[in-house]
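Residue numbers (the numbering used here), protein chains in the order written: chain A, 1 to 106; chain B, 1001 to 1166.
Note that these hints are calculated values from the structure, not bench results. Values in this document were obtained by computation on a predicted structure and should not be read as measured data. Be aware that one or more of the hints could be misleading.
As the list claims (entries may be wrong) - With a straight-line Cα cutoff of 30 Å, these simulated DSSO-like cross-link-like pairs (lysine-lysine) come out: (1) B:Lys-1053 to B:Lys-1074; (2) B:Lys-1112 to A:Lys-69; (3) A:Lys-85 to B:Lys-1049; (4) A:Lys-104 to B:Lys-1053; (5) B:Lys-1014 to A:Lys-102; (6) B:Lys-1049 to A:Lys-105; (7) B:Lys-1053 to A:Lys-69; (8) B:Lys-1049 to B:Lys-1116; (9) A:Lys-72 to B:Lys-1116; (10) A:Lys-69 to A:Lys-44; (11) A:Lys-85 to B:Lys-1074; (12) B:Lys-1116 to A:Lys-85; (13) B:Lys-1116 to A:Lys-104; (14) B:Lys-1074 to B:Lys-1093; (15) A:Lys-44 to A:Lys-72; (16) A:Lys-85 to B:Lys-1083; (17) A:Lys-105 to B:Lys-1014; (18) B:Lys-1116 to A:Lys-102; (19) A:Lys-105 to B:Lys-1035; (20) A:Lys-102 to B:Lys-1083; (21) B:Lys-1112 to A:Lys-105.
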Amino acid sequence: MRRDIFQAIADPTRRAILVLIAVHAMTPNAIAEHFDITRQSISKHLRILSECDLLAQKQEGREIFYELKIEKMEEIDVWLAQFRKITEERFQQLDQVLFILKNKKK
Amino acid sequence: MSLLFDFTVDKATKTIHITREFAADLDLVWDAFTKAEILDQWIAPKPYKARTKEMDFREGGRWLYAMVSPVEVKCCSMVEYIKIQPKTSFSTKNTFADENAQPRGNGFSLVKNSFKEGAGITTVYVEKVFNDLATLEMMATNGFKEGTAAGYENLDEYLLTLVTNK
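Looking at chain B on its own, in the form it has when it is part of the complex:
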């Protein structure tokens, strides 16, 4: 079965739109996005593994997890839950943090995950807005690239339009 994967970038609004179908019913896909024990199994890019330190899935709650490889521990990614509509959507603010959940740098992204059930297929739509392009890069490589976790300030709109207009 071929599952839809659509990924589009709007550089002007620093937003990424992702649509992805999964061959499972809504209940299961919802759990996979909201329960630590399942998230830990898929959220980390290889060879890293995710290890949840804290999970409190409710509005105002947060999920704190580390990325662990055979040789190093990258701490931590923090997901703060802003709004939750069960089995429909949830919005988060994502940042990098230390083990005590103190933010590292000024970068963040705002994410809305929406879920739609079909016949044996659940479609997940992700809208991710970055506060600047440097954050996007940081999130893209999950902070694995040396030095990028240091607090970037807002990348000038001008540089952005340069790239967009090329």
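So here's chain A without its partners, still in its complex pose:
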């Protein structure tokens, strides 16, 4: 299942997990120690983050380490570009409205 980055950051626990693994790669157990919730719900959050394509997995011995794919956070820049575009188009619409109103006045 593909999800988008907004679902990742919509939840406070997931944001906290992102902060933790941004510093260094961690095992699910090490992550779970930081939270007062069940290991099961940590797994659920990790699964969602993984589906958002924010996690990279590294196998070391018997342990799996998760780390943050920082480049994915660049999607924020895409949102900004979207906002710029919408603003630009909106103001072009206003140009037209102003043009019509000015001509009505004359």
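Mind docking chain B on chain A? Use the hints.
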């Protein structure tokens, strides 16, 4: 005529600065930003159209409007007027709300619109501060993206600095 459009983002302060020139005098541009019947004509991104439900342009008043497309109605955007200096500037708090003006989610932005008259040109300067980046995204797509209207809490400063420092 080419009109200035400047758009800069300061991610650290979650602020967007927009400067835009319009080929009209101050009175008209001021009206276009403050009167519902004109706002409805330009504020919505295509194919949506804005439909004002309530407008009370005074300090403490608010503007409530819906976005309407041929197939759906997105309700509502709410603009609360905080401070108004006629023909100079006005500040607002912008949120998403339901039809009864009850806020949806915790996201908001604080906006200051300033106006400066030149020769046949009026320059509008907009400063928009978002309470978090998720709100910014929500406002950017005007809540059209599914699920984003659900209340996002503050995005950690850390994620923000990650992005800023890249």
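Now for the hints, and whether the structure bears them out:
1. B:Lys-1053 to B:Lys-1074: 12 Å, holds
2. B:Lys-1112 to A:Lys-69: 36 Å, violated
3. A:Lys-85 to B:Lys-1049: 17 Å, holds
4. A:Lys-104 to B:Lys-1053: Holds, at about 26 Å.
5. B:Lys-1014 to A:Lys-102: 36 Å, violated
6. B:Lys-1049 to A:Lys-105: 25 Å, holds
7. B:Lys-1053 to A:Lys-69: 44 Å, violated
8. B:Lys-1049 to B:Lys-1116: Given pair B:Lys-1049, B:Lys-1116 holds - Cα atoms ~28 Å apart, limit 30 Å.
9. A:Lys-72 to B:Lys-1116: 40 Å, violated
10. A:Lys-69 to A:Lys-44: Holds: A:Lys-69 and A:Lys-44 sit about 18 Å apart, inside 30 Å.
11. A:Lys-85 to B:Lys-1074: 20 Å, holds
12. B:Lys-1116 to A:Lys-85: Holds, because 24 Å separates the two Cα atoms, which is no more than 30 Å.
13. B:Lys-1116 to A:Lys-104: Satisfied, since the Cα-Cα distance of roughly 23 Å is no more than 30 Å.
14. B:Lys-1074 to B:Lys-1093: 19 Å, holds
15. A:Lys-44 to A:Lys-72: Given that 30 Å is the threshold and the Cα spacing comes to 20 Å, the pair holds.
16. A:Lys-85 to B:Lys-1083: 28 Å, holds
17. A:Lys-105 to B:Lys-1014: Roughly 40 Å between the alpha carbons, so the hint for A:Lys-105 and B:Lys-1014 is violated.
18. B:Lys-1116 to A:Lys-102: 18 Å, holds
19. A:Lys-105 to B:Lys-1035: Distance of about 17 Å is within 30 Å: holds.
20. A:Lys-102 to B:Lys-1083: Between A:Lys-102 and B:Lys-1083 the Cα gap is close to 28 Å, so the pair holds against 30 Å.
21. B:Lys-1112 to A:Lys-105: Given that 30 Å is the threshold and the Cα spacing comes to 29 Å, the pair holds.
Going through the hint list in order, the structure does not satisfy hints 2, 5, 7, 9, 17.
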